[in-house]
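A.B. asks: Chains A and B, in that order, are what the protein sequence lines are. Heads up, the first sequence stops at 340 in our numbering, and the numbers go up one at a time, no gaps. Heads up, the second sequence stops at 262 in our numbering, and the numbers go up one at a time, no gaps.
What the hints contain is simulated information worked out from the structure, not anything from laboratory work. No residue lacks a Cβ here, since even glycine has one placed at the ideal position from N, Cα and C. Be aware that one or more of the hints could be misleading.
[What the hints assert, rightly or not] Under the rule of at most 25 Å between Cα atoms (straight-line distance), these lysine-lysine pairs were calculated in the DSS-like manner:
id, chain 1, residue 1, chain 2, residue 2
1, A, Lys-230, B, Lys-122
2, A, Lys-230, B, Lys-243
3, A, Lys-230, B, Lys-254
4, B, Lys-223, A, Lys-230
[Stated by the list, open to error] Across the chosen pairs, the derived CB separations fall in these ranges:
id, chain 1, residue 1, chain 2, residue 2, range
5, A, Gln-171, B, Ser-146, 33 to 39 Å
6, B, Thr-193, A, Gly-14, 47 to 53 Å
7, A, Leu-138, B, Phe-256, 53 to 59 Å
8, B, Ser-143, A, Ser-308, 37 to 43 Å
9, B, Gly-195, A, Ala-319, 57 to 63 Å
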Amino acid sequence: MLGNHLNKWLLLLGCLPLLIGANIFLGSVDIPVIEIIDVFFGNSTNLAWKTIIIESRVPRILTAILCGAAISISGFQMQVLFRNPLAGPYILGISSGASLGVSLLVLTGGWLFGIHFMVQDWSIALAATIGALFILLLVFAISIRVKDIMTVLIVGIMLGALTTAIIGIMQYFSASDQLKSFVIWTLGSLDGVNFNEIFILSIAVIVGLVLAFTQIKPLNLLLMGETYAKSMGISLSKSRLIIILSAGILAGSVTAFCGPIGFIGIVVPHLCRVWFQTSNSRILFPAIIILGINILLLSDCIAHLPFSDLVLPINSITAILGIPIIFWMVLGRKKISTNL
Amino acid sequence: MKERIKIENLLIGYGSRANGCAIMAPISTEVNDGEFICLIGENGKGKSTLLKTLAGNLPPLSGEVLINGNALSSYNNQALAKELSLVLTDKISIGLITVFDLVAFGRYPFTNWMASLSSVDKAIIDDALKVCGVEGLANRYFSNLSDGEKQKVLIARAIAQQTPIVLLDEPLNHLDLINKVEIFCLLQNLCKTSGKTIIISTHQIELALQAADRLWLITNDYKLSISSPDEAISSGLFEKAFKSDKVVFDSSSKTFLLKSSI
Numbered sequence: 001m002l003g004n005h006l007n008k009w010l011l012l013l014g015c016l017p018l019l020i021g022a023n024i025f026l027g028s029v030d031i032p033v034i035e036i037i038d039v040f041f042g043n044s045t046n047l048a049w050k051t052i053i054i055e056s057r058v059p060r061i062l063t064a065i066l067c068g069a070a071i072s073i074s075g076f077q078m079q080v081l082f083r084n085p086l087a088g089p090y091i092l093g094i095s096s097g098a099s100l101g102v103s104l105l106v107l108t109g110g111w112l113f114g115i116h117f118m119v120q121d122w123s124i125a126l127a128a129t130i131g132a133l134f135i136l137l138l139v140f141a142i143s144i145r146v147k148d149i150m151t152v153l154i155v156g157i158m159l160g161a162l163t164t165a166i167i168g169i170m171q172y173f174s175a176s177d178q179l180k181s182f183v184i185w186t187l188g189s190l191d192g193v194n195f196n197e198i199f200i201l202s203i204a205v206i207v208g209l210v211l212a213f214t215q216i217k218p219l220n221l222l223l224m225g226e227t228y229a230k231s232m233g234i235s236l237s238k239s240r241l242i243i244i245l246s247a248g249i250l251a252g253s254v255t256a257f258c259g260p261i262g263f264i265g266i267v268v269p270h271l272c273r274v275w276f277q278t279s280n281s282r283i284l285f286p287a288i289i290i291l292g293i294n295i296l297l298l299s300d301c302i303a304h305l306p307f308s309d310l311v312l313p314i315n316s317i318t319a320i321l322g323i324p325i326i327f328w329m330v331l332g333r334k335k336i337s338t339n340l
Numbered sequence: 001m002k003e004r005i006k007i008e009n010l011l012i013g014y015g016s017r018a019n020g021c022a023i024m025a026p027i028s029t030e031v032n033d034g035e036f037i038c039l040i041g042e043n044g045k046g047k048s049t050l051l052k053t054l055a056g057n058l059p060p061l062s063g064e065v066l067i068n069g070n071a072l073s074s075y076n077n078q079a080l081a082k083e084l085s086l087v088l089t090d091k092i093s094i095g096l097i098t099v100f101d102l103v104a105f106g107r108y109p110f111t112n113w114m115a116s117l118s119s120v121d122k123a124i125i126d127d128a129l130k131v132c133g134v135e136g137l138a139n140r141y142f143s144n145l146s147d148g149e150k151q152k153v154l155i156a157r158a159i160a161q162q163t164p165i166v167l168l169d170e171p172l173n174h175l176d177l178i179n180k181v182e183i184f185c186l187l188q189n190l191c192k193t194s195g196k197t198i199i200i201s202t203h204q205i206e207l208a209l210q211a212a213d214r215l216w217l218i219t220n221d222y223k224l225s226i227s228s229p230d231e232a233i234s235s236g237l238f239e240k241a242f243k244s245d246k247v248v249f250d251s252s253s254k255t256f257l258l259k260s261s262i
């Protein structure tokens, strides 16, 4: 598995500590390297710097690692399941469901939940989880009843459109400051996730990834079509449910804590296919996880413009970073649509 | 010879058991190890439906298919994958998968969840590639191959699955004469040398007449007529089954002739 692509794996793994390091060093406050090392060895005397690193930068890096892995694998699963290069982690309306939950909370000022003007971070995560779970269960129930996978896809997209419509109505009637806080949530952010939340997020991501790993064989065989997959011992309905559940847990948990992180879930699988020149999920799985983490860490580096107070929305950065890569791939005559 | 498949009063068609639409008269027959069976009949007579039912992809309306004496419905996908492998007629587009990887898929029913290949698995894959004469293509991408090469690779995949039964649904479509003959000989050899049971649906009647152990001919009144190639010719089945004012079956040369040329 490693033999043919050794230098690519070394590059991928080598970038990881560099990007983690960069994310620790770079931030709105300029902290000397020596001080940062002191913080980690417990020798630091500067309490402010210690707080910034331990309470802000380290959680941000952990969040980026979890999100990067989760969102990329989730997108990969959806692309293979639906045999569609445009599919991503949110294709089944999971982010729309989360958005519905959050908009019900934020745009109505919390009165629906009886927590008037007490909209806090944890309540946003909870609302997003409930919304995402609601849509996930709906898609789940439909995919048990409907045999044709394309019908499941269409129903998922329809559900997304429906929730977007409902959100539109709520936005139309909501106050401008509520509207702004909702829009900011939709732009995504890796900041402000505390260690308790990271603990919950990491459990969800690990469960999602383990479920995803059990489906490596079905994901390969599905490339040949459902009849062939079945003839090689795959239980289609079981595999389909596990894949949808796993992709849903991964995308849903990320969206709950960080908002819908866009673009990475669609781009990273394509990048790995072109780079490693394979559609074999045995190779793609680890590659997608590591590249997803790397790209989200890089995006986060750029989002926190070094040594300035500005923090750019992470979704804008992933798109601005990702689209040139896609253009470069397409202009390099590398067909990406037929790689699935 | 060991009996591999037994078909009892099998009624095939679409719809539910209670409210189904049968497309052929009930079928009863058995198939032994090492038999090469060619299923022939005009388009729309039910060749694919019969193969789908035998492969367990379509439930029968009534009757039973027994494999090794056990009902087909009692096998789960995993167990059936060790008895029966498929080669389908539809073209597959599979992206960046090499020929070796694709043939390795045939070993998936026998590998762990990570699909790790043992040295035995690798030897079986190499052997399957060699039997089909595509060992030189192992590192090429499947999607870049010609139609004939693709079909041979798909057959190699079925061989790598090492099942006693192989079902092929019109695997010779889109192929030129040489490739058709090569694949026919390959299948015939598999039956003789490794004792596999092969059922293939095809429109290549002339080839089927020369190679098949038995013919399954779907007649105009939707019955499955089972006979050896010679019996089929001498009993005049072909004249009846392929009735047309344009062609006639010539039993001495075992070929169809255009009426206008006679």
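A.B. asks: With reference to the structure, classify each hint as holding or not holding.
C.D. replies: Going down the list of hints, with the structure as the test:
| no. | hint | in the structure |
| --- | --- | --- |
| 1 | A:Lys-230 to B:Lys-122 | holds (22 Å) |
| 2 | A:Lys-230 to B:Lys-243 | violated (38 Å) |
| 3 | A:Lys-230 to B:Lys-254 | violated (39 Å) |
| 4 | B:Lys-223 to A:Lys-230 | violated (29 Å) |
| 5 | A:Gln-171 to B:Ser-146: 33 to 39 Å | violated (56 Å) |
| 6 | B:Thr-193 to A:Gly-14: 47 to 53 Å | holds (52 Å) |
| 7 | A:Leu-138 to B:Phe-256: 53 to 59 Å | holds (57 Å) |
| 8 | B:Ser-143 to A:Ser-308: 37 to 43 Å | violated (48 Å) |
| 9 | B:Gly-195 to A:Ala-319: 57 to 63 Å | holds (59 Å) |
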